[in-house]
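Participant: If you want the building blocks of each chain, they are given just below.
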Amino acid sequence: MPFLGFEGPAGTGKTYRLIDEVCSSALKLTGSSQRVLGLTFMHGSRRRLEESFANKEQIRGRSHATTIDSFAASMVRRWSFLLSFVPDFSRFDEICDACGMLLKRPEVANWVAATFPIIAIDEAQELKPCMLRVAKALSASTRLIVAADEFQCLDEQLDTGPFSEWFATGNVQRLTLVRRTGRQGLLDAGVALRNSEGPKSGSGLSIRYEFPAQVKFTVGHALRNATGSRAILVAPGSTPWANEIIGQLASGIRSKRQSIPPLPIAWDTGPSNEISKVVDALCSTAEQISSSEVLRRIGQLADTPAWMPAVINNIEMARRAHGKNIWSQSELFAVCSKRANLHRAYGYSSNYGIRVMTIQAAKNRQFRDVVVLWGPGIPGSADHLRRLLYNAISRAEHNCTVIVRTQLLLGQPPFI
Amino acid sequence: MIVSKLQVSGFRGIRTCEINFSKFNTFVGPNNCGKTTIAEALALVLGRDRLVRTLTEHDFIGSEPKETDRIIIVASITGFLPNDPARQSDWFRWGRATIKWTDVDSGAVKVERSKNTDLLTCQIAFAARFDLESLEVVTARYFYDTGVDPFADDAAIEQVPADLIRRLGFFLVPASRTWDRTISFGSELFRRVVSYVGGKPAAAVLAERARLRTPKDPLEADSNLRELVSNIDTDLAALLGQETRLKLRLTTTDSEGILESVFPHFSNGDKIPLPSRRHGSGLISLQTLILLMRFGQVRVANGEGFLMVIEEPELHVPPPLQRKLLRMMQAMATQTIVTTHSPTIASVPNPHEIQFVANSNGALVARPLTKRPLAPDAQNPIRSLLLSARDATIYALMHPSVLVPEGRIDAAWLRQFVKILELGATNSSDLGLSFAQEVGPIPTADARAREVYEHLREVHPLVFCLFDGDAQGDNYTSAVCTSKPPPHIVARWPKGWAIEHVVGWIAEGDPSILARAELAQIGVPSKPAELVGALQGKFKTDEIVHGVIADAFVESEACRRRIGSVMQFVADIAMGRRPPTQHKMIKHANGTTVIWTLSNAVLGI
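If you read the protein sequences in the order shown, they are chains V and Z. Numbering of the first sequence is given in our numbering, commencing with residue 1 and proceeding in unit increments. Numbering of the second sequence is given in our numbering, commencing with residue 417 and proceeding in unit increments.
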């Protein structure tokens, strides 16, 4: 049976239809052991898919969402005895590749299908060749439902040709009606960018240049009185500029004519800085320290991240269950990274305040009000820049303000 | 479903072991070789939690587990019908077992199916580590894929759900039985049987509860108690300010209390039933085994598993019943695993179903008496060894070393010698007494020592030979020494001697013994020199005469000393101890075999 696909611009309800389809297929689930599996690329989307599944009565308690990487790692961990090499779990693509290889065996594919007869893949345009292999293999043994929009692929290195070719073999429904927003300016900009044309300001959308001293006020005004979810989306290379603005907004700004009180604003980013800071404080490069010394030094840290208890537990268990007593900086770094990433992926995350994130990280999310900070020097082709801007603008349900850093930018793609 | 393979490492006395099982399995072996450990390993990996006692550091090999030490027990389950993973999704799917296959011929577990006869296999593992801080044993039971440490941070093991374990219907009857509580609601087995065959006797329990709550003649109303109870009531009323009356009831008067107080009684005819603990253990254990088998029978009839491990079924059961009992078990369970010390029990299964267990420094091996069911055209000496002389063979195999003599007569005389030493044992001398515990003589048939040796060396780790000092003995010696591998030890009688010469030499120790009337009566020559000829001639196979001569030897200390020195010599070389220097030793050209020859000139004998 060919897989079912949903294709369409951002906001046309691909994910919605995907989940709807999953729910109606789920009526055919037999036995209490069968589940729906949702696959995504990023933990953020996984979390959102999980929430959507949980809100559907038909599949409540009978669904599982995971990233393709985690799915592949679980598969390879359990079936590694069929591989002719020892898998290295730090190499995600290699693991995906091995998973695809395993799933080519009918008995392994059926083994997955016995628990997950229905599998949904969201944002499938990002399928790398190794992941595509997994998807193809799954489509042979399960009811596979796929949502994708090739135009939203933001990885310029990725050749989407093989994906598009495969996607065309499915039973694909094209969705055209944008439901996320009814604001004409936002809808028109979306259509323009997909047609390789420049977007124009209009209802719900404002694209403009501001004098440097004014930018923070524009951003502040755009977001301070908003009533729903709010986000600042940062284009590649514009992080320092964004940090400057965020810093000012976070502590409140005032001029002769205007005043904005401190806004709740924070980066929605990976914790890599945090990790390095902690690890550097714990241990120097040349040092080898004992478990008890690691724990003593952790106890002395003034401000520990939320994932620290998991690191402490890890170090304790390594000693108690594996007799590991000596730690190097690189080992500590590995443990901290793993725990921090798991915390980010599965821990509690707040939706309070204004979230700041890169355009890539905003994929698959939506906010009522969005500010896009677009600086110069973004690498990539005109097509890639249009995809980026499209992805940023199409996150907004109500209002989107795009601020370019130099006036010159308005005369270049993607703005023309 | 059955357990087709068990792999154990680091558990008690087992450093490593791998055992294949069939539908019916009997494990025999010397004491302390690990039979009980096998049974308990099965219970850990397949038993319900309540059947398994708490582990301690003594359960780890060496009793001093470090952080990285593990007990790992892996059981391979086969017998899925149909033999197709796609139709066994309760066992084989994401979140459950990965798919493996068992080769029926070799018993090997494979990751790929290569033959039509390969059996679908689910591997379940139990792992334990000792936590040096909490001083507790941490355990996990999971579907086994590869040998990764289940306690590793990213091991991602899948736990085995309890309902799958229940489906196997594993039951262990340990050697330390607590029979008298078995047929009562305090017993896990009884509760399982009751709930399985139709639930609790609710109506009877409720009726009994009503009766017990309001007894016709309550204890507190008895004339001897009435005053005391009344005083207590008065005190309580004064203290509490309200009427509170003491009632004495036989149970807690709730259903649970009533079920807990049920105690099995057995009655004979019209006599008043006696509580089980007043009966002999034989009756109690039989009743219990019958209950267990009834449970199994119902499960099997319902198409479910019943996998019974029973340690020493001979315990408390009179010998005539032992075989019958075992046959019943065989018929009623999907798989039966028996450990035993009883040659009677061991004579029930077919030779390929009997595994001999040996443990050398923690490497436990269990080898079947024959690899396959005995073929109708099997060589005679092996047939005789495993069929007609099975009891004696099994008995011999239970010793640390196994002796293959030239023939049955030799084995019979050696057994007579053991009897003489035991009957005549005094506190002053224990010469030769250890032979009985250390050496098991095999009743070699048809003088086919080489075939018998070659068969038994596949079963027992320490098999050696004892040959005559004549030309025939030379032939046997060179035959076994060219076998591959050859025995480590061959014992020889002195030059020109056979077992009868040994008997003659024993008689020479106290020639007066041959003058006894009971010997003369049956025609035994009165001179040692003639005795040898008679024993090799007309009395060669006459075990009655041998017995009478042996009885006479019991009476003579000098004869017993000579027997003791012969037996001590054989036991010493069998167990790797150095016998007195008079005995000669040469190394055979094969580089392995040491040939010892008895000296009849040992000082003081």
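These aren't lab readings, by the way, just hints derived from the structure by calculation. Values in this document were obtained by computation on a predicted structure and should not be read as measured data. Note that the Cβ used here is the ideal one computed from N, Cα and C, for glycine as well. One or more of the hints may lead you astray.
[To be verified] Reference listing, derived: stretches of chain Z covered by chain V, where coverage requires no fewer than 3 residues with Cβ under 8 Å from a Cβ of chain V: (1) 501-509; (2) 904-913.
[Stated by the list, open to error] Pairs of lysine to aspartate or glutamate residues, derived as DMTMM-like cross-links and limited to a Cα-Cα distance of at most 20 Å, are as follows: (3) V:Lys338 / Z:Asp569; (4) Z:Lys531 / V:Glu107; (5) V:Lys324 / Z:Asp570; (6) Z:Lys663 / Z:Asp686; (7) Z:Lys835 / Z:Asp651; (8) V:Lys324 / Z:Asp521; (9) Z:Lys482 / V:Glu107; (10) Z:Lys421 / Z:Asp521; (11) V:Lys324 / Z:Asp638; (12) V:Lys324 / Z:Asp506; (13) Z:Lys526 / V:Glu316.
Participant: Each hint needs a verdict: does it hold in this structure or not?
Facilitator: Hint check results:
no., hint, verdict
1, 501-509, "holds (count 6)"
2, 904-913, "violated (count 0)"
3, V:Lys338 / Z:Asp569, "11 Å, holds"
4, Z:Lys531 / V:Glu107, "16 Å, holds"
5, V:Lys324 / Z:Asp570, "15 Å, holds"
6, Z:Lys663 / Z:Asp686, "34 Å, violated"
7, Z:Lys835 / Z:Asp651, "75 Å, violated"
8, V:Lys324 / Z:Asp521, "43 Å, violated"
9, Z:Lys482 / V:Glu107, "40 Å, violated"
10, Z:Lys421 / Z:Asp521, "13 Å, holds"
11, V:Lys324 / Z:Asp638, "71 Å, violated"
12, V:Lys324 / Z:Asp506, "38 Å, violated"
13, Z:Lys526 / V:Glu316, "37 Å, violated"
Checked against the numbered hints above, the structure breaks hints 2, 6, 7, 8, 9, 11, 12, 13 and satisfies the rest.
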